[in-house]
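Residue numbers (this note's numbering), protein chains in the order written: chain L, 1 to 164; chain P, 165 to 328; chain R, 329 to 492; chain F, 493 to 656; chain E, 657 to 820; chain V, 821 to 984; chain X, 985 to 1148; chain W, 1149 to 1312; chain Y, 1313 to 1476; chain C, 1477 to 1640.
Wrong hints could be hidden among the right ones.
Unchecked claim - Quick list of in silico lysine-lysine cross-link-like pairs, DSS-like style, CA-CA up to 30 Å:
hint: 1; chain 1: W; residue 1: K1311; chain 2: C; residue 2: K1622
hint: 2; chain 1: E; residue 1: K696; chain 2: V; residue 2: K983
hint: 3; chain 1: Y; residue 1: K1352; chain 2: Y; residue 2: K1453
hint: 4; chain 1: W; residue 1: K1214; chain 2: W; residue 2: K1289
hint: 5; chain 1: P; residue 1: K195; chain 2: L; residue 2: K142
hint: 6; chain 1: E; residue 1: K696; chain 2: F; residue 2: K655
hint: 7; chain 1: V; residue 1: K956; chain 2: W; residue 2: K1294
hint: 8; chain 1: X; residue 1: K1130; chain 2: W; residue 2: K1188
hint: 9; chain 1: Y; residue 1: K1475; chain 2: C; residue 2: K1600
hint: 10; chain 1: R; residue 1: K464; chain 2: L; residue 2: K136
hint: 11; chain 1: F; residue 1: K655; chain 2: V; residue 2: K944
hint: 12; chain 1: F; residue 1: K633; chain 2: R; residue 2: K491
hint: 13; chain 1: V; residue 1: K956; chain 2: V; residue 2: K966
hint: 14; chain 1: C; residue 1: K1612; chain 2: Y; residue 2: K1454
hint: 15; chain 1: L; residue 1: K66; chain 2: R; residue 2: K469
hint: 16; chain 1: F; residue 1: K616; chain 2: V; residue 2: K966
hint: 17; chain 1: W; residue 1: K1311; chain 2: W; residue 2: K1272
hint: 18; chain 1: C; residue 1: K1600; chain 2: Y; residue 2: K1352
hint: 19; chain 1: P; residue 1: K310; chain 2: F; residue 2: K633
hint: 20; chain 1: F; residue 1: K628; chain 2: L; residue 2: K136
hint: 21; chain 1: P; residue 1: K288; chain 2: L; residue 2: K124
hint: 22; chain 1: P; residue 1: K300; chain 2: Y; residue 2: K1448
hint: 23; chain 1: W; residue 1: K1289; chain 2: W; residue 2: K1311
hint: 24; chain 1: Y; residue 1: K1352; chain 2: C; residue 2: K1542
hint: 25; chain 1: L; residue 1: K141; chain 2: C; residue 2: K1622
hint: 26; chain 1: L; residue 1: K163; chain 2: L; residue 2: K124
Hints are computed from structural coordinates only; laboratory data are not their basis.
There are 10 protein chains.
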Amino acid sequence: MAEAASVPSNNRPYADLPPISAALFEAKARKGLTFDEIAKAIGKDEIWLAAAFYGQAKFSSEELVKLAEVLDIPTASVQNELGAHWWPNRGGLGPMPPTDPVIYRLYESVLVYGHAIKAVIHEKFGDGIMSMIDCKVNVTKKPDPKGDRVVLTFDGKFLPYAKW
Amino acid sequence: MAEAASVPSNNRPYADLPPISAALFEAKARKGLTFDEIAKAIGKDEIWLAAAFYGQAKFSSEELVKLAEVLDIPTASVQNELGAHWWPNRGGLGPMPPTDPVIYRLYESVLVYGHAIKAVIHEKFGDGIMSMIDCKVNVTKKPDPKGDRVVLTFDGKFLPYAKW
Amino acid sequence: MAEAASVPSNNRPYADLPPISAALFEAKARKGLTFDEIAKAIGKDEIWLAAAFYGQAKFSSEELVKLAEVLDIPTASVQNELGAHWWPNRGGLGPMPPTDPVIYRLYESVLVYGHAIKAVIHEKFGDGIMSMIDCKVNVTKKPDPKGDRVVLTFDGKFLPYAKW
Amino acid sequence: MAEAASVPSNNRPYADLPPISAALFEAKARKGLTFDEIAKAIGKDEIWLAAAFYGQAKFSSEELVKLAEVLDIPTASVQNELGAHWWPNRGGLGPMPPTDPVIYRLYESVLVYGHAIKAVIHEKFGDGIMSMIDCKVNVTKKPDPKGDRVVLTFDGKFLPYAKW
Amino acid sequence: MAEAASVPSNNRPYADLPPISAALFEAKARKGLTFDEIAKAIGKDEIWLAAAFYGQAKFSSEELVKLAEVLDIPTASVQNELGAHWWPNRGGLGPMPPTDPVIYRLYESVLVYGHAIKAVIHEKFGDGIMSMIDCKVNVTKKPDPKGDRVVLTFDGKFLPYAKW
Amino acid sequence: MAEAASVPSNNRPYADLPPISAALFEAKARKGLTFDEIAKAIGKDEIWLAAAFYGQAKFSSEELVKLAEVLDIPTASVQNELGAHWWPNRGGLGPMPPTDPVIYRLYESVLVYGHAIKAVIHEKFGDGIMSMIDCKVNVTKKPDPKGDRVVLTFDGKFLPYAKW
Amino acid sequence: MAEAASVPSNNRPYADLPPISAALFEAKARKGLTFDEIAKAIGKDEIWLAAAFYGQAKFSSEELVKLAEVLDIPTASVQNELGAHWWPNRGGLGPMPPTDPVIYRLYESVLVYGHAIKAVIHEKFGDGIMSMIDCKVNVTKKPDPKGDRVVLTFDGKFLPYAKW
Amino acid sequence: MAEAASVPSNNRPYADLPPISAALFEAKARKGLTFDEIAKAIGKDEIWLAAAFYGQAKFSSEELVKLAEVLDIPTASVQNELGAHWWPNRGGLGPMPPTDPVIYRLYESVLVYGHAIKAVIHEKFGDGIMSMIDCKVNVTKKPDPKGDRVVLTFDGKFLPYAKW
Amino acid sequence: MAEAASVPSNNRPYADLPPISAALFEAKARKGLTFDEIAKAIGKDEIWLAAAFYGQAKFSSEELVKLAEVLDIPTASVQNELGAHWWPNRGGLGPMPPTDPVIYRLYESVLVYGHAIKAVIHEKFGDGIMSMIDCKVNVTKKPDPKGDRVVLTFDGKFLPYAKW
Amino acid sequence: MAEAASVPSNNRPYADLPPISAALFEAKARKGLTFDEIAKAIGKDEIWLAAAFYGQAKFSSEELVKLAEVLDIPTASVQNELGAHWWPNRGGLGPMPPTDPVIYRLYESVLVYGHAIKAVIHEKFGDGIMSMIDCKVNVTKKPDPKGDRVVLTFDGKFLPYAKW
């Protein structure tokens, strides 16, 4: 647990987030908590929680109360900034194409496998899409003697195209 | 099984692929085969096979022979166009941001969940990336009474950043 | 009814569509039919039909048969090009921002009213989106002595954001 | 009704709006009013009102007086910032293509249905456009057992192209 | 009058126009006619006529007949390509920003004088725009001993912004 | 005449202008003067004056003195910021393509009529351009029972291309 | 003198030029002539002549006759393609930023020295520009024992900004 | 000599330069010195000096001492900001394509004459480039009764391409 | 060793880095240390160290302690800003294409030699890539009487493409 | 050695190269030669040779003769297309940012290590650049039990910035 921790709030992506976001990240670092630990405390998954830290999801009022508690920050300030009146302005956290290699590799998956994924979805489901709204995202660590592996899963509802 | 089938070879993405690619797609349609059926015939996964159809992966010489056989097209023509001398020029099949809604949703996953995925990878693995080279991609259909779901999985090796 | 009609198939958007698309447009012109008349003949709405002409929707096999009939073109050729093996590669028909004033005005509606629409959707429905997949689009003419009006309606399912 | 509420005024879109805009949004949140309630109080529609909050429309002097009253903020400050000398600098509130999924879906409607809408407008009205200046925009909620629907309507004057 | 004349139909802007457009330009050159002479023959202004040559305006059926006559080309071919079924797909003839110095100077007028023009329009007319649909464009030559001057005039209807 | 007036100096275009520019706009609002009234006071045209307010033209020393006088602001401050050492850094006040509908319509005139204007200039003047440096710009109001019209005129010197 | 010579007419920049341009370049290669030799034969400078070969300048009728003669190609074909009816569509020959290192260095001169050149022009001439229309461009070789030097000169008329 | 002078240090290009740069420009204005006068005082050419003011060149330690002296500003502050540890981050001072007409004309020279210059360099020197690193840039005023001319010269070393 | 040194922390790339980065660069300048000297003090290579200064690599806790020591800055402040909770957000330090000539030349190596490097890697290693994650970068000075040479080496692991 | 081999000459990068380039690649495949073997036959390095195949370097007349010989293709056709009159139009072979993962990793090296490389070059050499013109590029295979490594070396002349 760090005694003090700051994030570069004048840098991206923090500069593009509500000021309270920097406070959330700093409290997380000071408390020495993982996303998973915080997520469990408020009854959510770690990826969803991390997305919410980055302003990409909306906490309910109850979740904000629990969040303030687990992070030891005033409830009022999270309610004031991320309360019922706040809505995520999703995306827009960094450049596209991404310059960070971790995020770029995700982008590259669209470049290289996008058409294949589309073709197989059509073949298996018909004309429609995998929803990115009704979609759960998950990252797990798969130990492997040749080098651990990241297993990233998207579980999204199939939406058939309307015809009218 | 269609008696005849053509793909718009002067349109994207076909226009950006070797001419043999259109022939592969047309043979697949004429034979009424799924990617999975062709993939099984040459001992590969359907997503890898579909990627190879879109010029995003390289068939071995043995795979080309089996491919020609299962699709009933002359071996010589696939060897001539996609043989040992041919190397994938990956990516570049369509615009970025994608305009097709299926592919755009994948792109949107990077916009919305990219930072969360990166943060959790760092927390679980340290400073490094999920490889998109040593990575297997999979699409499965998960039946659900509220609407079937697409489960899309990336299983990629974690690569720690070199320090020297 | 024109005796002959051609569309500039080497120009956008025709050049970005399957070759059969030009044939559909030319047959429509030769037959002197409106989108509405063709749509009625195959049991669809005119906007959906027009979208399908522009390669933005997928005809079923039955619809292709009726289409060929109403347009007096060989069924085989539409089946060959737009049959079960063909999937729309949506979007990508023209530049964005659009240069054509009709389409630009739609784009401008996003620029000027996008945030207001988003804010009111959130207020009325909560955190989620209006689906553009399960969405019906409609254009009607509203006579007005000061100048007729175009009434353009999108009727799309609200999709709440998944939380997990 | 929140006791306090803030919006991230150093973030987009607030950072691109006159400083008074953040005050309007915060007062709305503190008063617990909907766009519709505020709109009714000044005799306007909710979408127009929301657009004006986002700097996309111009309040008349009388509307500013009523707005200050319903929101309990000093008339002088709204007059000082949004008075007769202020003109909307429309558009430019966020990136294009939009990264927020709500707004992106509107953008996608242009990608997918733009040409169809243009073609049907031409067929029904002739050579011209749907005005986005003399246009009213409306969002309503249509209850549906399979999931409520958003009905978004644009009612714009048809403008025939000048010939001279 | 040239005996033969060709335009580079595989180059922009001709490559982005219906094939008949190249024929119109070549006939004009062969006949040695100015835009003004052709325009007069069909009862239009030279700028409108030139715009129509560049696919930016729609000839009526009567105008096509007269056009074919004055240019000595078959009526059928202009009717076939530019008849009732053809609608202008405006804009998109060249890169933006323009690279050609003549067109770039027009673009530069927007860069340098755009805000001033907007401010004066607001001051003189209120909140609204100058229509580019109900607008007539004119180019005249003003002799001047220090060098002749180009007088370019846009005469467009003022459209006040709708409030609702 | 407003008692107080402010412009959003942290917003575009003000944020891209010298700080004194905001003071000029605010003084103009407080004094209740039009561009035309200020222009007359310093012996210039209103469009030129408005352009200078937007940092697109250079006041002479005498003009700065008169400007300070008519706006009731200290001469020293305009001389300090816009004096002999200041040179316009023209353009760059907003995005291109413009998002504001007023300015976009000017941009659209280049898209739609640019080639026609170029072609007629060549036909009337030969190979060269209309100067946007030695060019006077003018906006007038033309009353019309069907709706007043904006008449926008560019009067620019023709410059023949050098040959050497 | 080569017996045969071809240029890749399906590649840039040839693909963006009138077909006759490839013929000019090929004739030049076959005849073994330099730009300077051809230029002298038609009474022009080599840079102007090279620009004309690249479609960036307009030959007079007399110059076309001499050009055909010196290159031993039919006068009719140059008249047919580049005659009185042809006007340069300048710029647009390659990507910007340029990818070719020779042209990129010119572009880099604008990046690095553009503001300095502007500042010195203002200091020496006042508010205005160096014309790129009334401008002569010259390249000479300056022998230097440490490596020969390229001397590139632009001699352009100063144009003072209009005030009105 | 102005008693006070400021430059808009929150505007481009000043905002993209070290803070000391604004101080240099303001001191130059207060002292009433030209670039040439300052350049002579430190033994350099005026274009090089102006480039250095714009952060595009590196002063030696001795030059900084002389510069502080001629501009009457503390040596310590220029050493502190532009001393041995400071290296130019060249380019990036403004948008590309440039919006300012003076700088745009330079950019236009690349568009219009870039290929001609490249072709003549190749013809006179072989396969290689004109260095923009070992290059001297010069602006002189050439009086002309029809209007003074700007003569802009680049004198750069020819660098042949390595072959290995 | 400078007594004082500052870097333009409101300029790129410093403005895009954590605030502590400016402090690191300033301490390095004050202490008069090279990257190599600092790198040796913490047991790393100079290029890796320089990359870490630019926020492109992650210091371990031990390295931060040594870094603070060698630079004479408080350990707490580097731990607070660059400690365990901080992860590099790589890339994004400047525009692409780069405008700085040093960095542009690296970019140009990709433009000119990228395909050749890819082709030779494929020929020597098969279908795969050179890792930029498991890669060491080195810059050395090779004295040469005709001018010293920069030898830049990338030593990266070959990663074969997964097939599955 | 393949009996027949073709490359997709209508795809990038072949479509952007002279037609002879496809013939060179096909002959290389038919003869079963590596770049290294061909390079040795004409006395050059394999990377240079590969670059020349991709149109990024210029063969001398003698090299063309040897090339034709080793590839068993007519000397006349390479002389006709790539002879003395042909000059490389470097760069422009594919999109930037690159979409192919091999080439993207090179691009990523600029993103991640560009500033570090620049800083160390300045520290070791002073103000200047590493030439990409007088630069030799080399790829070697370094066997490694944990996976072979690609060693990519750039050996470029340091060019100090001119001061004048």
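Hint by hint, here is what the structure shows:
1. W:K1311 to C:K1622: violated (35 Å)
2. E:K696 to V:K983: violated (34 Å)
3. Y:K1352 to Y:K1453: holds (18 Å)
4. W:K1214 to W:K1289: Given that 30 Å is the threshold and the Cα spacing comes to 27 Å, the pair holds.
5. P:K195 to L:K142: violated (39 Å)
6. E:K696 to F:K655: holds (14 Å)
7. V:K956 to W:K1294: Judged against 30 Å, a Cα distance of about 21 Å means the pair holds.
8. X:K1130 to W:K1188: holds (27 Å)
9. Y:K1475 to C:K1600: violated (44 Å)
10. R:K464 to L:K136: OK: R:K464 and L:K136 at ~27 Å, within 30 Å.
11. F:K655 to V:K944: holds (22 Å)
12. F:K633 to R:K491: Measuring from Cα to Cα gives roughly 22 Å; hence the hint holds.
13. V:K956 to V:K966: holds (29 Å)
14. C:K1612 to Y:K1454: Roughly 13 Å separates the two Cα atoms, so the pair holds.
15. L:K66 to R:K469: Distance ~53 Å between L:K66 and R:K469 Cα, so the pair is violated.
16. F:K616 to V:K966: holds (24 Å)
17. W:K1311 to W:K1272: Holds. W:K1311 to W:K1272 sits at ~19 Å (cutoff 30 Å).
18. C:K1600 to Y:K1352: At roughly 16 Å apart (the allowed maximum being 30 Å), Y:K1352 and C:K1600 satisfy the hint.
19. P:K310 to F:K633: holds (22 Å)
20. F:K628 to L:K136: violated (37 Å)
21. P:K288 to L:K124: Between P:K288 and L:K124 the Cα gap is close to 33 Å, so the pair fails against 30 Å, i.e. violated.
22. P:K300 to Y:K1448: holds (27 Å)
23. W:K1289 to W:K1311: The given pair, whose Cα atoms are some 41 Å apart, is violated under the 30 Å limit.
24. Y:K1352 to C:K1542: Judged against 30 Å, a Cα distance of about 50 Å means the pair is violated.
25. L:K141 to C:K1622: holds (22 Å)
26. L:K163 to L:K124: With a Cα-Cα distance of about 19 Å, the restraint between L:K163 and L:K124 holds, given a limit of 30 Å.
When held up to the earlier numbered hints, the structure conflicts with 1, 2, 5, 9, 15, 20, 21, 23 and 24 and fits the remainder.
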